[in-house]
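Using the sequences and the accompanying hints, generate a full structural model.
The sequence shown runs 1 to 1018 under the UniProt record's numbering.
The hints are simulated quantities; they were obtained by calculation from the structure and are not laboratory data. By construction, the Cβ of each residue, glycine as well, lies at the ideal position given by its N, Cα and C atoms. Treat each hint with caution, since some may be false.
[Said to hold, decoys possible] Label-pair restraints from in silico Cβ distances:
{"#": "1", "residue 1": "Ser502", "residue 2": "Ala126", "range": "40 to 46 Å"}
{"#": "2", "residue 1": "Lys784", "residue 2": "Thr977", "range": "42 to 48 Å"}
{"#": "3", "residue 1": "Ala994", "residue 2": "Tyr47", "range": "25 to 31 Å"}
{"#": "4", "residue 1": "Asp603", "residue 2": "Phe498", "range": "35 to 41 Å"}
{"#": "5", "residue 1": "Ala138", "residue 2": "Asn424", "range": "30 to 36 Å"}
{"#": "6", "residue 1": "Arg88", "residue 2": "Glu764", "range": "43 to 49 Å"}
[As the list claims (entries may be wrong)] Taking lysine to any residue and the SDA-like style, the derived pairs with C-alpha atoms no more than 25 Å apart in a straight line are:
{"#": "7", "residue 1": "Lys978", "residue 2": "Thr123"}
{"#": "8", "residue 1": "Lys984", "residue 2": "Thr102"}
{"#": "9", "residue 1": "Lys426", "residue 2": "Gln357"}
{"#": "10", "residue 1": "Lys56", "residue 2": "Thr31"}
{"#": "11", "residue 1": "Lys56", "residue 2": "Ala73"}
{"#": "12", "residue 1": "Lys235", "residue 2": "Met159"}
{"#": "13", "residue 1": "Lys978", "residue 2": "Ala897"}
{"#": "14", "residue 1": "Lys984", "residue 2": "Arg948"}
{"#": "15", "residue 1": "Lys984", "residue 2": "Val1003"}
{"#": "16", "residue 1": "Lys426", "residue 2": "Val410"}
{"#": "17", "residue 1": "Lys259", "residue 2": "Val247"}
{"#": "18", "residue 1": "Lys235", "residue 2": "Glu264"}
{"#": "19", "residue 1": "Lys259", "residue 2": "Glu161"}
{"#": "20", "residue 1": "Lys664", "residue 2": "Ser605"}
{"#": "21", "residue 1": "Lys56", "residue 2": "Val67"}
{"#": "22", "residue 1": "Lys984", "residue 2": "Ser879"}
{"#": "23", "residue 1": "Lys978", "residue 2": "Asp944"}
{"#": "24", "residue 1": "Lys984", "residue 2": "Thr954"}
{"#": "25", "residue 1": "Lys259", "residue 2": "Ala86"}
{"#": "26", "residue 1": "Lys56", "residue 2": "Val99"}
{"#": "27", "residue 1": "Lys56", "residue 2": "Pro101"}
{"#": "28", "residue 1": "Lys984", "residue 2": "Ile1010"}
{"#": "29", "residue 1": "Lys259", "residue 2": "Tyr205"}
{"#": "30", "residue 1": "Lys259", "residue 2": "Met159"}
{"#": "31", "residue 1": "Lys259", "residue 2": "Ser201"}
{"#": "32", "residue 1": "Lys984", "residue 2": "Tyr952"}
{"#": "33", "residue 1": "Lys426", "residue 2": "Val460"}
{"#": "34", "residue 1": "Lys56", "residue 2": "Thr102"}
{"#": "35", "residue 1": "Lys984", "residue 2": "Arg923"}
{"#": "36", "residue 1": "Lys235", "residue 2": "Arg124"}
{"#": "37", "residue 1": "Lys426", "residue 2": "Ile404"}
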Amino acid sequence: RENLQHSSRMDSSVCKPLSLQQYVVAADRVTVDAIPLCAESAEDVLYPGLLTTTGKPDCAVLVKRYVGTDAAAVARNEVALLLHIAHRNVISVVGLVDVNPTESMVLLEEHDRANGGDITLLTRTAVDDLRTRLEPTAFSRQVLQWGLDVAAGLAHLHMNEMLHLNFRTSNTIVCGGTAKVNALGVAQRQSALDALQDSASSYVYGLGTFLHELLGGRLPCDGSSSSVLSHLEPKGVNTLLLQLLHVDPRRRGTFEAAKQRMQELLATLVITLESQPPPQLSAGLCPWAPGWLDTVDPQPSLLEPLLCLLRCPLPVACSDLSGQRARFDALLAWYQRTADATTTSSPQFSVGSQQWQDACAIMMYTCANDMLTERGRVARDVKCITPMAHRVISAVERLGVPYIGSACLVLHADTPLIQELYANYKDHFEVGKQVCVPQIARVTTDSDQMQSLAQSTMPVFVLRCCNMSAFDVSAYSAHIEPIVLATPHAFIVISTPFLSNSAVIVNVLLDISTSASYLSGDVHQQLAAALPLPEPSQPCPFDVLQRPSAHYRAYPRKHSRVTFASATSVIVNAVVKMSHHATTPNAVHSLSMALTHATRDADASVKAAFATAIAGAVARMSEHATTSHGLHWLFAALANVLRDADASVKAAFATTAIVDALTKITRRYENLDDTTPSVIRSLSSVISNLTEGADVSVVNALPLLFAFVRIVTRSATSSIVVCCLRAICNITSDPVLLIPSNIPDRMKHLFVGELSDSIFRLSEHVTTPHAVSWLSRAICNMTKVTLRRNLLWPKKFLAQKTTTIDGVVTKFAVARLSTYATTPDAVRWLSTALGNVLSGANTSVTATFATPAVAEAVVRMSYHATTPDAVHWLSTAISNVISGHRKSVKAVFATPAVVEAVARMSYHATTPDAVRWVSTAVRSSLAESTRRCGLCSLTTAIVDAVVRMSAYATTPDAVRWLASAVGIITDGIGASTKAMFATKAVVEAVATMARHARTPDAVHYLSASIVHITEGAN
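Here it is in structure tokens:
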């Protein structure tokens, strides 16, 4: 405020030539969102808004709000200042709104969201997200481009004799790919020559700090820049930063020198990116690690993986969006046309349902199939392929009609990679070698087409397989002809390849032992033990097809389901009889695969029929399921029966025999060197569904769970970790059932200790908000367990678990988990877990959590606490951490960042409970902050928070705690600071609370707060 008043006394030449009347906008033309953009300080808070103009499309804007008796004057001065320093790389003014005598708004930076012109604040969260989505070289290129933009904006401010008082990374915005300096409220007029010279060197240092924080993820410290950024490409980046951040201002250089050096580094990066050759790979090697597909999380939206596939990045990743807009618009239109076509061709699916989304994915894939085979795309841009591949594979497996028989896979030799294989096909396709197809592939099943492929005049590879496993998706394809898609497979060459006209014919056999694992090398010997192969001299029997398909077209699954439902009892009896003779791994594999297909999408009656009949069959087959593929299909069949089944179905499997069989398999599998992710995923689904809502004996289930946790921690993915944590939550949901009274105390302690260890082993692999939620729920369940000898023993055990992040020891990884708690649900449960661990614990335990790392975690989570529940429990956690401690402990949370976090949460404290606990957090921690630091600059934010929450303090309890917080904040502060409370809004807030002060405590604390505000004030 003092800076604004100082700037209002500037030389009148700044504002004289400018006419502000043309920028005044009527208040009814502006709509402002209730939730501000994520910012890292109170000064940076901007709101998204919409400006309506008659005869023109609505325009998205940013809104800066000013409240107070001098709001109109301050807002007009800011508009005049920004108009005076207008520049491409400085935030621009759109309009000025006078809402009422005490509130004005400045409209900023008009942008078009529909064309990808959205605005992003360069907060640490936004930058970290961009760093994970771009390769290191591309990320460095983007940061340098932003550095050029920021340098131009700062140079313009310096040229206009303006000094930016608060330049930092989070005070920079990116609009349409262009970085702009936010000079709103933080620029002053400077006239003295010395001040201008000082501002020039300060600006150069600020530019270095900006680049260092973006590239290195932290602010520069003495002696740390060299080690933190020594790995960056190109090498000149580190040298440039060391110069810009030099302690001697005279050796930092000028803006022009810095801009020239950044342009040279950008040119080097462009040459590096364009000169990277596509990799040359052997046919037997896959460009990805084994099990790559299982490490990819399925995308909830189809549009996001499609954007990745087409390499059409989000606006924040583009330095120049103009070249992307036409492509982006075409993509949106294509996406909409696909959705419309799916709705028309598949009326049996309701719009937005899982089946409808899967049908959209399949149709879009068949349209974009050529893009997946573009030169170098698969090998170079794995991140662009995997989301789409994972999304389509899951859709194909759910909707496709299974096909097992003869098929051909064609590879056109029209790229350098395939041309090299074509020229040396005898070396690359020797008998016994493995051939991997690391993506979804369309295969030919028509006999006439397969015969004609051998007569091709174009250079092609024809992989002929007599036991192809694929899915017919013709019913959902964008083409008229039949479409059969094979999911990623591995094949074994079984005969010497030969040339027919221009086609290289390679006879292969599906390798069920390593399919979809992509293990390179000669596996002919291992496969011979698992599957009988034809002799190398014998061709694959393509002349005798297992099924005619010249005129075959698959029907939707609902037609085949009618026939299957009528034959359920026959199939169940056959399964039971065959299970007695499934005494080899191949037999178990085939029978399990049949069970999986038969039970997929089955209704409750079908599942019940299978459950009562095959429970014993599953236990028998488990003895001979010794291959990863057999285990995968056996677990998949079990998961199908258990998924969404009622209690009676689960009761058939919640037996000692089944649990013991699963435990035995898991322990056997635990000792294998190779743990295929597909097996772990299927087993995790079985355990999660088996323990949910079923009366499973905990004593029998825990050994299974402990063995499974040990496997998961060896090759964990977020989806598998979530399934494992769900199983733990299911088992621990009832503390009485978890710790039965008929087992010895020693065993009770053993179970609790082992479960706690399992939870913390899994926490190291939690990397998604969904996983954070389930881990936190498991911890909440554990805190409810009580033992006779030591009632708080589980809590003490949880409190003793530590992890080290950046050299800082934190409790049960609160600091690390908070970085992934980016949804209100994750914040709500992680905060609840922290509060439950500390609730009722002794002072020594709670003191261990009062650390700077936990305080930073609280601040981090406050950005995502956007629901009343999340606000309620995060505030409760803050109160529990510091409740009853000495001032030295409370001082850890007495920071401006925590004050801003609480003010930020007040926007979403829209229930009495949320108001009560935010007020408690203020009372517990911020009062100490106010006494310790004064915090006069943040009093306005606190006052605004009180006014906001007063509207939702509709119970005496909420009024009591909110008034108590106000009283503690204002107790002992000076008259000048109390004047900040002398506003009409505060008076109305007190009047609002008075209506609900219907208990003696509420009246007492509300009256006391009025005393503290007015006592000694003017």
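Check: Honestly, which of those hints from before does the structure not fit?
Finding: 1, 4, 7, 9, 11, 12, 20, 21, 22, 27, 34, 37
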